[in-house]
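*Asks:* Could you slot chain X onto chain Z? The hints should help.
These protein sequence lines map, in sequence, to chains Z and X.
Start counting the first sequence at 1; every next residue gets the next number (the numbering used here).
Start counting the second sequence at 1; every next residue gets the next number (the numbering used here).
Calculated directly from the structure, the hints in this document are not laboratory data.
Don't take every hint at face value.
Same chains, same names: a pair is fine if it fits in one copy or spans any two.
Stated by the list, open to error - Calculated cross-link-like contacts (lysine to any residue; reagent style SDA-like; alpha-carbon spacing at most 25 Å):
id, residue 1, residue 2
1, Lys167, Glu136
2, Lys135, Glu155
3, Lys156, Asp92
4, Lys167, Lys262
5, Lys135, Ser274
6, Lys99, Lys262
7, Lys271, Glu95
8, Lys262, Glu140
9, Lys290, Glu219
10, Lys167, Glu305
11, Lys139, Tyr266
12, Lys181, Thr270
13, Lys45, Ile94
14, Lys262, Gln166
15, Lys262, Glu163
All of these numbers come straight from a predicted model, not from anything done at the bench.
There are 2 protein chains.
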Amino acid sequence: MNYKIDNLQYCNWSREVFEINREAGLDAVHVTVVYHEDYKEFQKKVEEWNNLFKNNKDLIFLGKDFKDIEKAKNENKTAIFFGFQNCSPIEDDIELVEKVYESGCRFMQLTYNNQSLLATGCYEKNDSGVTNFGKEVIKEMNRLGIVVDMSHSAEKSTYDAIELSQKPIAITHANPNFWYKAIRNKSDELLKTLSDSGGMLGLSLYAHHLKDKSDCTIESFCEMAARTAEIMGVKNIGIGSDLCLNQPDSVVEWMRNGTWAKTKNYGEGTKEKSGFPKQPEWFTDARGFKNIENGLIKIGFSIQEVYGILGNNWFNFYKGIHK
Amino acid sequence: MNYKIDNLQYCNWSREVFEINREAGLDAVHVTVVYHEDYKEFQKKVEEWNNLFKNNKDLIFLGKDFKDIEKAKNENKTAIFFGFQNCSPIEDDIELVEKVYESGCRFMQLTYNNQSLLATGCYEKNDSGVTNFGKEVIKEMNRLGIVVDMSHSAEKSTYDAIELSQKPIAITHANPNFWYKAIRNKSDELLKTLSDSGGMLGLSLYAHHLKDKSDCTIESFCEMAARTAEIMGVKNIGIGSDLCLNQPDSVVEWMRNGTWAKTKNYGEGTKEKSGFPKQPEWFTDARGFKNIENGLIKIGFSIQEVYGILGNNWFNFYKGIHK
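This is chain Z alone, in the form it adopts within the complex:
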């Protein structure tokens, strides 16, 4: 059995988006439920999702473990796995880790760009690694089965997380920086350490992480995938598109600024180009998985390897979470 999984989307959710994901053949999507929200605000997001599940039950349902990916495949639906891009919903309370797990959380970034109570984000000047509270939280995430996600974290913090976590961790959405030196893209050494520990990298389709940004070619992307497979092994890479379909530009502004500054921050953008960047034309939504499939075959991956990258590798990773 082969699975298709997009391990990071943050779309403006609607029936249309779920239909597109079905058309793309996605059996599972890891969706970002919160960026800067606290516990109470996360609970509101869960309510919103419960309505989406109710109104689109022919298309989606809440995924809790790998069996739900098998179920989704059988029922021609997409299993939705909840994740956080920041640790703000657990506030400063270790007990909330179990609470968010019970509400469906299966992935949590320890940081989003800035310093958090758990670790350092990639936009900070210095990186002190995983904190005292962070160590406690990783233990709890391991116990429950919430994946440590370091996509937006600084490098030492990521090495720390790999070492501290008793289960493999993930970088759900980023690219290697040998290809394009975005602040958020990762070094060869880090990716090697990640895969040596059983961790996964989800290749991102967000223009700010791509060589030549919106003009990135499918050939260039697939060459990058081939080189990354050489570094990490072909079984440790998947897709985490970071797709923000139908989101207004106010959302990316809020992602970058939250409530932490009086001055405006442009993150990966600039003052002149502060909105969401244009998607490359071969991946304007999840139906672009087909273009990636063709591109990966063309670059020389075997069909089994291609299926691995498009979903089976993530499926196997999910299988390991609750072991």
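*Replies:* Chain X in isolation, oriented as in the chain Z frame:
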């Protein structure tokens, strides 16, 4: 005019404590209002304090600036200045800095032992200094007139705060580590940099910060004060007793553990001695200011210098806050 100021107390507040502080002649006390509380919980503390002010208006009132210290002196009362031992009440929201100022906050530690969103605490393994959010918050504290307090912070973070803050900062309650190597006590170099920038050190009377702890002698304490004055200048030191009068041991446990760990942390104590340490017999409450006065004269300070240490230096520091 001479003023007596204790620039850090966290007592189990009652009429009895306010009477003792009056008996000690304290014109002002900087009180800890919160440790780990969030904004809403801080507001509850403000309500509790409003009741204390109402029920003890012959003894205390809320202090807002140095003029309230003069007023307290004239009216034989103690002006109470609010402070935070952690930045948790501002959560992740820059707008809350002004809100807490409006509610009376005049001192805020950027961290309490562990990493915060603003800086690193003294109990972390690594210290990345003041964070992106921290820089924004310091600017806002400077603008409003909230003193940056680094008593429980790690060293690089403290150097950063001194450099970033456009107003002098304070270490309201700690001692030099040449005298006693508590984790929280400070190096000569740091203290020198602090005083060069116009900052203040409040000498602590908490047994875990004292040489020989509960058995510390008044002579030893005053010798330390004399040596510290040589390092920092006699006008940059005061008293911040860290007095926790009448607090049950459950409170020190909560200070150390908050809600961040499933395992118990003993901080400066041990599993065997986990409660509040015994105060040295010459400072069991604020009336011990008299013993310090005598001790400082005996060690050779001039009477004006002694008055400076017992309160005038803090008074002058308060005077500079809203300039």
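*Asks:* Each hint: holds or not?
*Replies:* Going through the hints against the structure:
Taking the shortest Cα distances, Lys167 and Glu136 sit within 25 Å of each other inside one copy (14 Å), while across copies they are farther apart (36 Å). Taking CA atoms no more than 25 Å apart as the test, Lys135 paired with Glu155 passes in both settings, with 16 Å inside one copy and 22 Å between copies. Proximity of Lys156 and Asp92 under a CA criterion of 25 Å is satisfied in both settings, with 22 Å inside one chain copy and 23 Å between copies. For the identical chains of this complex, Lys167 and Lys262 are inter-copy neighbours only, at 19 Å across copies versus 39 Å inside a copy, given an alpha-carbon limit of 25 Å.
Proximity of Lys135 to Ser274 under the C-alpha cut-off of 25 Å is restricted to the inter-copy arrangement: shortest distance 23 Å between copies versus 35 Å within a copy. In the homo-oligomer, the alpha carbons of Lys99 and Lys262 lie at most 25 Å apart only across protomers (14 Å), although the nearest pairing inside one protomer, at 32 Å, exceeds that limit. Taking CA atoms no more than 25 Å apart as the test, Lys271 paired with Glu95 passes between copies only; the shortest distance there is 23 Å, against 40 Å inside one copy. In this assembly of identical chains, the alpha carbons of Lys262 and Glu140 lie at most 25 Å apart only when taken from different copies (9 Å versus 34 Å within one copy).
Taking the shortest alpha-carbon separations for Lys290 and Glu219, only the intra-copy value of 14 Å comes in at or below 25 Å, while the best inter-copy value is 81 Å. In the homo-oligomer, the alpha carbons of Lys167 and Glu305 lie at most 25 Å apart inside one protomer (24 Å), although the nearest pairing across protomers, at 60 Å, exceeds that limit. Taking the shortest Cα distances, Lys139 and Tyr266 sit within 25 Å of each other only across copies (20 Å), while inside one copy they are farther apart (34 Å). In this assembly of identical chains, Lys181 and Thr270 lie within 25 Å of each other by CA distance solely inside one copy; the values are 16 Å within and 48 Å between copies.
In this assembly of identical chains, the alpha carbons of Lys45 and Ile94 lie at most 25 Å apart whether taken from the same copy (21 Å) or from different copies (23 Å). In this assembly of identical chains, Lys262 and Gln166 lie within 25 Å of each other by CA distance solely across copies; the values are 17 Å between and 39 Å within a copy. Proximity of Lys262 and Glu163 under a CA criterion of 25 Å is satisfied inter-copy only: 20 Å between copies versus 36 Å inside one chain copy.
Going through the hint list in order, the structure satisfies each hint without exception.
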